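S.K.: If you want the building blocks of each chain, they are given just below.
Number of protein chains: 2
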Amino acid sequence: MAKQPKTAISPTRNEDYPEWYQQVVKAADLAENSPVRGCMVIKPWGYTIWENIQKHLDRMFKDSGHVNAYFPLFIPKKYLEKEAAHVDGFAKECAVVTHSRLEDDGTGKLVPASPLEEPLIVRPTSETIIGEMYAKWVQSYRDLPILINQWANVVRWEMRTRLFLRTAEFLWQEGHTAHANSEEAWEETRKMLDVYATFSRDYMAMPVIQGEKSASERFPGAVSTLCIEAMMQDRKALQAGTSHFLGQNFSKASNIQFQSEAGELEYAWTTSWGVSTRLVGGLIMTHGDDDGLICPPRLAPQHVVILPIINKEETRTQVLEFCERLRQRLRSLRWHDDPVEVHVDARDIRGGEKSWQWVKKGVPLRIEVGPRDIENNSVFMARRDTGEKKSISVDEFVGNIGTILDNIQDTLYQRALAFRTENTHKIDSKADFYNFFTPENQEKPEIHGGFALAHWDGSAEVEEQLKKDLKVTIRCIPFEGEKVPGKCIISGRPSAGRVIFGKSY
Amino acid sequence: MAKQPKTAISPTRNEDYPEWYQQVVKAADLAENSPVRGCMVIKPWGYTIWENIQKHLDRMFKDSGHVNAYFPLFIPKKYLEKEAAHVDGFAKECAVVTHSRLEDDGTGKLVPASPLEEPLIVRPTSETIIGEMYAKWVQSYRDLPILINQWANVVRWEMRTRLFLRTAEFLWQEGHTAHANSEEAWEETRKMLDVYATFSRDYMAMPVIQGEKSASERFPGAVSTLCIEAMMQDRKALQAGTSHFLGQNFSKASNIQFQSEAGELEYAWTTSWGVSTRLVGGLIMTHGDDDGLICPPRLAPQHVVILPIINKEETRTQVLEFCERLRQRLRSLRWHDDPVEVHVDARDIRGGEKSWQWVKKGVPLRIEVGPRDIENNSVFMARRDTGEKKSISVDEFVGNIGTILDNIQDTLYQRALAFRTENTHKIDSKADFYNFFTPENQEKPEIHGGFALAHWDGSAEVEEQLKKDLKVTIRCIPFEGEKVPGKCIISGRPSAGRVIFGKSY
Chain A
0 MAKQPKTAIS PTRNEDYPEW YQQVVKAADL AENSPVRGCM VIKPWGYTIW
50 ENIQKHLDRM FKDSGHVNAY FPLFIPKKYL EKEAAHVDGF AKECAVVTHS
100 RLEDDGTGKL VPASPLEEPL IVRPTSETII GEMYAKWVQS YRDLPILINQ
150 WANVVRWEMR TRLFLRTAEF LWQEGHTAHA NSEEAWEETR KMLDVYATFS
200 RDYMAMPVIQ GEKSASERFP GAVSTLCIEA MMQDRKALQA GTSHFLGQNF
250 SKASNIQFQS EAGELEYAWT TSWGVSTRLV GGLIMTHGDD DGLICPPRLA
300 PQHVVILPII NKEETRTQVL EFCERLRQRL RSLRWHDDPV EVHVDARDIR
350 GGEKSWQWVK KGVPLRIEVG PRDIENNSVF MARRDTGEKK SISVDEFVGN
400 IGTILDNIQD TLYQRALAFR TENTHKIDSK ADFYNFFTPE NQEKPEIHGG
450 FALAHWDGSA EVEEQLKKDL KVTIRCIPFE GEKVPGKCII SGRPSAGRVI
500 FGKSY
Chain B
0 MAKQPKTAIS PTRNEDYPEW YQQVVKAADL AENSPVRGCM VIKPWGYTIW
50 ENIQKHLDRM FKDSGHVNAY FPLFIPKKYL EKEAAHVDGF AKECAVVTHS
100 RLEDDGTGKL VPASPLEEPL IVRPTSETII GEMYAKWVQS YRDLPILINQ
150 WANVVRWEMR TRLFLRTAEF LWQEGHTAHA NSEEAWEETR KMLDVYATFS
200 RDYMAMPVIQ GEKSASERFP GAVSTLCIEA MMQDRKALQA GTSHFLGQNF
250 SKASNIQFQS EAGELEYAWT TSWGVSTRLV GGLIMTHGDD DGLICPPRLA
300 PQHVVILPII NKEETRTQVL EFCERLRQRL RSLRWHDDPV EVHVDARDIR
350 GGEKSWQWVK KGVPLRIEVG PRDIENNSVF MARRDTGEKK SISVDEFVGN
400 IGTILDNIQD TLYQRALAFR TENTHKIDSK ADFYNFFTPE NQEKPEIHGG
450 FALAHWDGSA EVEEQLKKDL KVTIRCIPFE GEKVPGKCII SGRPSAGRVI
500 FGKSY
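Protein sequence lines, in the order shown, are assigned to chains A and B. Letter by letter, the first sequence follows residues 0 to 504 in numbering that gives the first Met the number 0. Letter by letter, the second sequence follows residues 0 to 504 in numbering that gives the first Met the number 0.
Derived from the structure by calculation, the hints contain no laboratory data. Being a predicted model, the structure only gives us computed values, none of them experimental. Check before you lean on any hint, since a few could be wrong.
As the list claims (entries may be wrong) - Now the in silico label distances, taken between C-beta atoms and shown as ranges:
no.: 1; chain 1: B; residue 1: K466; chain 2: A; residue 2: S331; range: 53 to 61 angstroms
no.: 2; chain 1: A; residue 1: R328; chain 2: B; residue 2: R200; range: 31 to 39 angstroms
no.: 3; chain 1: B; residue 1: D142; chain 2: A; residue 2: D15; range: 24 to 32 angstroms
no.: 4; chain 1: B; residue 1: V110; chain 2: A; residue 2: D427; range: 47 to 55 angstroms
no.: 5; chain 1: A; residue 1: N399; chain 2: B; residue 2: D142; range: 35 to 43 angstroms
no.: 6; chain 1: A; residue 1: E265; chain 2: B; residue 2: D104; range: 31 to 39 angstroms
no.: 7; chain 1: A; residue 1: K54; chain 2: B; residue 2: N434; range: 39 to 47 angstroms
no.: 8; chain 1: B; residue 1: D142; chain 2: A; residue 2: P34; range: 18 to 26 angstroms
no.: 9; chain 1: A; residue 1: E265; chain 2: B; residue 2: G350; range: 29 to 37 angstroms
no.: 10; chain 1: A; residue 1: A459; chain 2: B; residue 2: D87; range: 52 to 60 angstroms
no.: 11; chain 1: A; residue 1: D28; chain 2: B; residue 2: A112; range: 31 to 39 angstroms
no.: 12; chain 1: B; residue 1: E14; chain 2: A; residue 2: R58; range: 51 to 59 angstroms
no.: 13; chain 1: A; residue 1: T106; chain 2: B; residue 2: A112; range: 24 to 32 angstroms
no.: 14; chain 1: B; residue 1: E463; chain 2: A; residue 2: R58; range: 23 to 31 angstroms
Said to hold, decoys possible - Here are the simulated SDA-like cross-link-like pairs (lysine to any residue), alpha carbons at most 25 angstroms apart as the crow flies:
no.: 15; chain 1: B; residue 1: K353; chain 2: A; residue 2: Y140
no.: 16; chain 1: B; residue 1: K235; chain 2: B; residue 2: S223
no.: 17; chain 1: A; residue 1: K190; chain 2: A; residue 2: Y266
no.: 18; chain 1: A; residue 1: K389; chain 2: A; residue 2: P438
no.: 19; chain 1: B; residue 1: K61; chain 2: A; residue 2: R333
no.: 20; chain 1: A; residue 1: K251; chain 2: B; residue 2: E102
no.: 21; chain 1: A; residue 1: K81; chain 2: B; residue 2: S223
no.: 22; chain 1: A; residue 1: K425; chain 2: A; residue 2: K81
Note that CB positions come from ideal geometry on N, CA and C, so glycine has one too.
Model the full structure from these sequences, guided by the hints.
M.R.: Okay, here's the thing in structure tokens:
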């Protein structure tokens, strides 16, 4: 009997996917839980991935005409209350600031003092406070559009948290725009969803489906919520970004009015859109394998790690110097306008252990350099994505580094796309649908079904039933593909086209 | 009688410096007060200056071996309490989170619900929560040093706030490092102060004095606080950055212990260092004039603004195309490794008004282009720093753009340095000292004296007296210059060397 090959991460994805995820986060040193309930500490390796996400997204936002600004962390309760659906959505889980001082209660114990006249909410999202400001800034149609983005932390008092995927505090960006008419606001909503989809494809190497949420999954207060949905390796969906058309709901709540070109007083049309540190979770679950993280090169903190092999003390200097020269050659190159990031790991620890650390951290290329390699002016290259290992001449490696990294990036994308395609099925009956989403009926019961493309009658009742019976929701009403009418698999009533169902994070 | 020249900002610096500051912030559209008590909104022009500050500082931190990470916004009260001086320093003004939900009180009014078991403090600074994490991460001397920086928002419930200079919430970076011995921690403390001083000089064009704070001005819990101090145009001091040697105070409070190379269990030595959005206030007050902001080119959101002069409709296309070509030529250049930032302002508003808007926003170079300039292949260039205006050939302008920007940067620095030198005086008697700092005795009573270099006996009593009588504090015990002993101007007791006194923000 063949022995099970040993993997760096235990359990494997097949054995216990949620626990595999936690172990990858730990093994790659990405983040950990803090002693503050629900709040994570993002460690340097994880934070650098987030910085890279920020860098590229920020450029895309600016290239599409947006500027950054910063609004207060706190929202007075009365602003949150102005939009009814909005406050309903967020009041149930928010951090409430009630005092502005701690004082000794007389026994040496510090207790909250100086109660505030009105409680402040730590922002769960900033539509209301930003709306207050826009109302002051906008008088005439000439003041529109306002195209502002904010990079910030937000807090939602989630009961069940998971590193990156769902935490009480998380980091994100929130775009908030105001326009003179509905068409322009709609165009913005779609444009920013496109930016997210392009970013996911080109940087995350994560294929996403663009679409619209059903009414029950809308952002509280939105007229329409658009989203990108990705499939993780447990075949569950991850909502990776949202772009909301808010209509005039928030401008009416905040009184964002302007004099139109025709001289009429009108309410502005607003949008908001955001992605968060959740993307790091998506990256892990899209590409990681049973040996740990696999970083797509466009977001990797290091592209290449050079591992000097020093078996004899007398070769140390020669090997280290060779590695340093190689590092400098690579560092002087640019790949997609950014430097090639290279690290020489010269720590005095066992070579195998050292190599495995970088495997688990997901560095795209590991380069081993020993005395024999130096003699041949070659290096021993290992690709993290395919596991391919080979000796390659230094000049060939340096000369082709961009091509190799492009190839890794593309391999990861194609692999994820193939996985999603394999696990997306058209389903045309209730029985097949229930079967698809019932783990016990699967060959691999630990894995859920994937995406089901099925007809839905547009009713909230069907959604509720599927959520209750199967924990399945409509991930989105996809934009792509022809809309072919059919019949709802549950009610038999008419459907305008297939929608995407799945279990989700 | 000569008529007073009209300025864009009213009042002028001489008339009312604090009000001039507020008016510059407003005229340059940098920030404004929000409806949330003490919290500002940083508007795009001000935020871009902050982004540029971040970009350059972040690179300097990384070049000196630091990495970024992110720690929780909230600090459990019990952590804050672990370091006695620290909690004393921050408990009096902090935002306290006591509840995790809002609920209807039965009358339709939302009230705080689900009280927390232990109140959480919105971080005023992160030594305690980061210390908790370091205690977990550090076991052996091999785990040291830890060299981490965090970009974050912090909250201190200040009673009197001023945009950028003192706000309840502000943005900053806080470096937190842990070391195996005192020497290394001291070296780090000094090194990061040097980074701040270099940044202030080379990017802010703001000369600073490096030194150590007296005991009474130390960061709560620090063994020693180092600082950079700059002189504003009202001759007051601005503390622009601090670097703290924390000794073992916080590692004992958080139990950051490690096995030394000799096998002993020891407490780590820690440092922390930070600068904040206050720097934007320092930039305004160092360089601004009675026409508004003057941005040092290294931090300016735009280096050049091109203003098309369209007097006749038939020249519009020609002028705009010329401007766009000029923009593209400039944009393709790099200055100190960054693109030259150029904006063409083609708005249909009066030329004079348009030009003044950019004067007030402090753009280093304004370029006017009209039909006659195009005929001559020249542009009309106005420098914001000197007010110099001249016609210059396009090729000369484009070819020398880097030199011109360098010259502006240097002019601003030299001007600020000369101003500080003029307003720094050795003072050797109590009478002269009181005279220097008593506005009524000055020729220009609305302006305070400046920096006084005077002998001090090292006692807190003298400091208290001067603070009470004159609102003057020791800004720092400067590192530079020979230490010549003398006698305290107040007590007559021996002094090791002159220290710097001033009024401050």
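S.K.: Against this structure, judge whether each hint is valid.
M.R.: Each hint, compared with the structure:
no.	hint	result
1	B/K466 <-> A/S331: 53 to 61 angstroms	holds (55 angstroms)
2	A/R328 <-> B/R200: 31 to 39 angstroms	holds (34 angstroms)
3	B/D142 <-> A/D15: 24 to 32 angstroms	holds (30 angstroms)
4	B/V110 <-> A/D427: 47 to 55 angstroms	holds (51 angstroms)
5	A/N399 <-> B/D142: 35 to 43 angstroms	holds (37 angstroms)
6	A/E265 <-> B/D104: 31 to 39 angstroms	holds (36 angstroms)
7	A/K54 <-> B/N434: 39 to 47 angstroms	violated (54 angstroms)
8	B/D142 <-> A/P34: 18 to 26 angstroms	holds (19 angstroms)
9	A/E265 <-> B/G350: 29 to 37 angstroms	holds (30 angstroms)
10	A/A459 <-> B/D87: 52 to 60 angstroms	holds (56 angstroms)
11	A/D28 <-> B/A112: 31 to 39 angstroms	holds (38 angstroms)
12	B/E14 <-> A/R58: 51 to 59 angstroms	violated (43 angstroms)
13	A/T106 <-> B/A112: 24 to 32 angstroms	holds (27 angstroms)
14	B/E463 <-> A/R58: 23 to 31 angstroms	violated (53 angstroms)
15	B/K353 <-> A/Y140	holds (19 angstroms)
16	B/K235 <-> B/S223	holds (23 angstroms)
17	A/K190 <-> A/Y266	holds (22 angstroms)
18	A/K389 <-> A/P438	violated (41 angstroms)
19	B/K61 <-> A/R333	holds (19 angstroms)
20	A/K251 <-> B/E102	holds (24 angstroms)
21	A/K81 <-> B/S223	violated (49 angstroms)
22	A/K425 <-> A/K81	violated (43 angstroms)
This entry does not satisfy hints 7, 12, 14, 18, 21, 22, going by the numbered hints stated previously.
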